[in-house]
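Visitor: Sequence:
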Amino acid sequence: MALNPPSKRKSPFSGIPTTSTRARKLAKTQDARTLAVQSADAALSATGDLDVAAYVGAREFEIRALEDGMQRSKTALTSRAFQKVPRSLRRRTASHNVKRIPRRLRARGRREMVEDNTPIVTARRRKPTEIMRIRLETARRLQALNVKTKAKRVASKAKREKEVRKLLSDAGSHTYKIAPRVPKIKKNKLSQPPSPESKFKKRQRGKTWLPTHLFHAKRARMTPPNGPLWRFSLPMTPTEKSYRPTHRAAGARGAVVWDMSYISTIQLEGTESSLDGVLRAMGIDGEEAWGGKGKKWRQGSRSLHTWVCEQADDKKPIAPVTLIWCTKSKPEDVEMSDAAAASDGTRKKRPGERIFVRTHPSAFPQVWNQLLVVSKRQNPPVMVEDLRFEIGSIEVIGPGSTEALISALRPLTAENKAPPKDSPEGVWPALLGVTNPSSLPANALLAFAISDPRLHFPLPLKPPSSDSSMNDLALLLSSWPPDKTQNSSSLFDRPARLSAIRLLPSQKAINRRRTLAGPGIHPPPQPSDPQIPIIVLASRPHNRLAHNGSQGRWTILLPWRCVVPLWYSIMFYPLSSGGNPRFGGLKEQQQLAFENAEPWFPGDFPGTKAGWEWGLRDREDKRTEWERRPKGKRTEFESIDLGNGQKGEIGRGWACDWERLIQGPPEKMAGRVSIGNSSCNADKDMSNSAAAPRDGEVNRIDTPPLNIQHLGSSVATSIINHSHGDLPMKLQALLDKPYLFTVKISLSNRGTPTPCARIYRLPTRDRELRRRWLSPQSSSTQLLRRANPNIQPSESKRGNDRQKRCKTLEDSFVQRAEARQQLAASLITPADAGTDKDRHLPLPLEEDLIGFVTTGNYNLSEGKGTGIGSILLSKVVTPATIEKKNSKHSQGNTMSRMCIVRSAGDTVGRLGTWEIV
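First residue of the sequence shown? That's 1 in the UniProt record's numbering, and the numbers climb one at a time after it.
Quick caveat, the hints were computed from the structure, so don't treat them as lab data.
Using 30 Å as the maximum straight-line C-alpha spacing, the simulated BS3-like pairs for lysine-lysine come out as follows:
no., residue 1, residue 2
1, K376, K184
2, K84, K462
3, K218, K99
4, K241, K207
5, K622, K241
6, K315, K730
Okay, the calculated beta carbon distance ranges per label pair:
no., residue 1, residue 2, range
7, T624, S469, 53 to 61 Å
8, T138, K633, 42 to 50 Å
9, E915, L214, 41 to 49 Å
10, L214, K647, 51 to 59 Å
11, T624, E915, 27 to 35 Å
12, N226, K293, 41 to 49 Å
13, R106, T515, 20 to 28 Å
14, V373, K737, 19 to 27 Å
15, K99, T515, 17 to 25 Å
16, K99, T624, 40 to 48 Å
Here a beta-carbon is modelled for each residue, glycine too, at the ideal position from N, C-alpha and C.
Input sequences plus hints: build the corresponding full structure.
Guide: The following block contains the structure:
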């Protein structure tokens with residue numbers, strides 16, 4: 001056995017000659033990082049006197065050496081070209097193909113590979129492995145077999161056609177190509193998803209792919225194969241880091257695109273009076289629908305965003321919907337169509353009024369059943385048609401959204417003539433300078449036909465920046481001529497949709513036409529090119545708390561099979577601000593809604609059936625994650641000490657326990673520990689009994705337990721802001737039921753609300769604790785007043801006198817001095833274990849629990865932590881609060897809207913306020 005066995009790891013410098021590339025690089029880097037200096041002794045004479053000129057010269061030499069060293073170090077190639085690629089091109093294993101890096105770095109990458117003697121292997125020169133060799137041989141055999149089989153099929157087909165032509169010629173007949181059969185309209189029946197390709201058929205059992213599924217499957221995290229969401233395979237979030245990039249692209253520079261084809265579309269067709277009856281029975285009422293504000297919506301030049309409710313007496317809310325009324329045909333168009341029908345000798349049935357109802361897929365079964373019941377009661381009845389798999393949609397948001405859409409959507413006109421400037425086809429290109437769709441009229445709508453976007457891709461545009469262009473754009477947005485020139489959209493016409501799908505050429509045909517046209521030249525249009533009908537919707541944030549700079553959204557409705565060509569044209573468009581539009585998933589939808597203080601459906605609406613099912617799914621996922629953690633690394637909710645004799649978390653710690661909020665604490669049968677175990681068992685029973693309905697069970701409706709209902713923001717605002725006299729009987733009756741309304745939570749100090757956090761009102765029984773939470777000396781209260789200037793102290797503390805002002809100023813100086821003394825004392829004294837816990841105020845009792853936070857995080861738009869939650873109406877509007885509002889010394893609603901937020905499993909409460917959204 002050798003005394004000095006050889007080491008397994010070789011020395012980094014062993015076996016390397018001094019003249020190697022690595023040694024030269026090390027010497028070059030060391031030389032670049034070495035700075036020349038000059039001794040200061042030269043500036044001193046023999047007698048010790050300072051020679052100022054020599055001293056300044058020495059310092060000048062050192063400064064120049066420093067600058068030169070910085071420049072040489074910058075160009076010393078300390079990083080390789082493959083390490084300077086953008087984030088979207090980074091890979092765990094670096095690619096050595098110079099074609100995979102930007103052009104500006106390719107020359108440097110080739111030089112580095114030559115210097116390092118890096119082998120350049122291409123797909124043609126790579127030596128296949130054993131498994132790859134077997135695969136290649138199998139592929140060659142299959143290809144040869146396929147060629148023979150295909151040749152036999154072609155020969156047999158030609159033989160059959162020859163025999164058929166001979167038989168028809170002998171019989172004196174002729175051969176004509178028969179037009180494809182138009183599928184029958186399925187009235188009042190659910191439609192089936194399009195049949196997938198044979199090689200993907202097995203993967204789509206029990207779920208449906210979006211039109212852009214193959215694009216997202218390569219770049220995003222999808223829903224689990226065995227756990228589809230709303231019977232769709234949806235992208236949840238991009239695989240690369242996208243939280244901050246999505247925030248920047250949606251608000252500062254760029255655009256974010258979603259494939260929203262999973263949104264369900266229902267068409268109602270009937271007479272105007274019957275449609276009015278259906279919509280009113282679904283709870284669509286008010287000035288925006290049937291008053292003066294809804295006149296443009298009824299004419300078809302606007303869309304309407306509202307809620308639909310059940311037809312029962314309690315009018316339970318179902319979901320928000322978007323309504324699009326088909327524009328009425330002009331009288332001259334009707335006369336021309338009647339004259340043409342009379343000349344042909346045929347009389348076609350004139351279609352009635354048509355409306356698109358777009359709703360979330362989680363609420364589609366409930367909306368569909370309600371529409372079926374209500375439509376059959378009308379006289380004449382209304383036809384209900386399921387268009388879920390006939391109409392797709394794309395949603396775009398961001399400053400560059402308008403530019404990308406105008407480049408992809410090129411309107412078609414008769415005989416390729418220039419469209420009138422006041423028509424939708426002429427107005428659409430004039431919107432190039434719009435950076436925020438919110439600047440358009442509220443719920444604006446444009447309907448026209450476009451050409452295939454692949455025929456003119458890419459079409460780079462430069463938004464106008466001159467003053468005259470901006471003035472013309474402002475004049476266009478203020479007048480908005482499409483209100484008078486909007487025609488009926490062909491998207492409502494079923495033959496027009498089918499024609500666009502059937503005439504849509506394949507990508508191979510598009511590539512052939514582009515090759516024949518030549519490089520840099522768009523293919524000329526042909527008579528067989530499809531006319532794709534689309535509807536463009538511009539929407540604003542629906543929340544009144546959203547700031548003025550909030551971005552609006554573009555929504556494009558088009559036939560289902562035409563989504564993919566438009567998607568690729570938008571995603572690969574080079575924006576003038578740099579880069580390409582980003583794509584988003586379901587989590588990006590939640591993120592942007594949260595940043596705009598907008599509740600996201602269905603997650604932030606637990607009072608609806610769809611929101612309750614989402615809560616059950618989220619509850620089960622969090623519970624599974626909690627149980628999967630080791631006991632030493634998970635929060636033990638049963639042993640949490642909440643103070644004031646409260647032991648254990650309130651309800652299920654991993655969920656928003658609405659049953660516990662409404663029913664109150666359970667009876668103390670077997671002590672506090674059994675309560676925690678019973679909550680776990682109750683959660684299992686609840687998850688098993690109230691599981692989400694199976695896909696396809698449209699007739700099954702699971703409502704939230706205990707008659708929990710959602711309360712609209714307008715009704716909740718009228719109840720909360722009522723300050724004089726008793727509530728009306730209609731509103732007073734709402735306090736007896738468990739109504740939940742949605743609020744926005746803003747913390748006054750540090751902290752961030754997390755999902756499932758508990759929301760308390762200020763203590764009601766312990767007046768001393770309530771006074772401590774509202775104490776002016778409390779840092780939380782001071783910061784709350786800075787953040788909300790509307791909060792004013794009581795009348796007794798207002799000082800209009802100069803002496804009171806001076807006294808207040810002196811008190812503030814004294815408080816600052818005391819704070820500095822306390823800070824100095826805390827720095828020199830040893831830390832105490834109980835100091836941090838004693839610094840926070842005790843928490844209220846469980847009877848002061850009023851709701852839960854459904855969405856919470858750090859808000860990048862506001863620069864602090866905010867949350868979206870739901871509050872029980874009967875806990876914040878009580879006889880005591882009504883009496884305080886009617887008293888003389890009332891301080892308004894500000895004090896009643898203060899709350900205390902505590903994260904699940906935590907023992908620290910944060911003071912904040914809530915606002916109705």
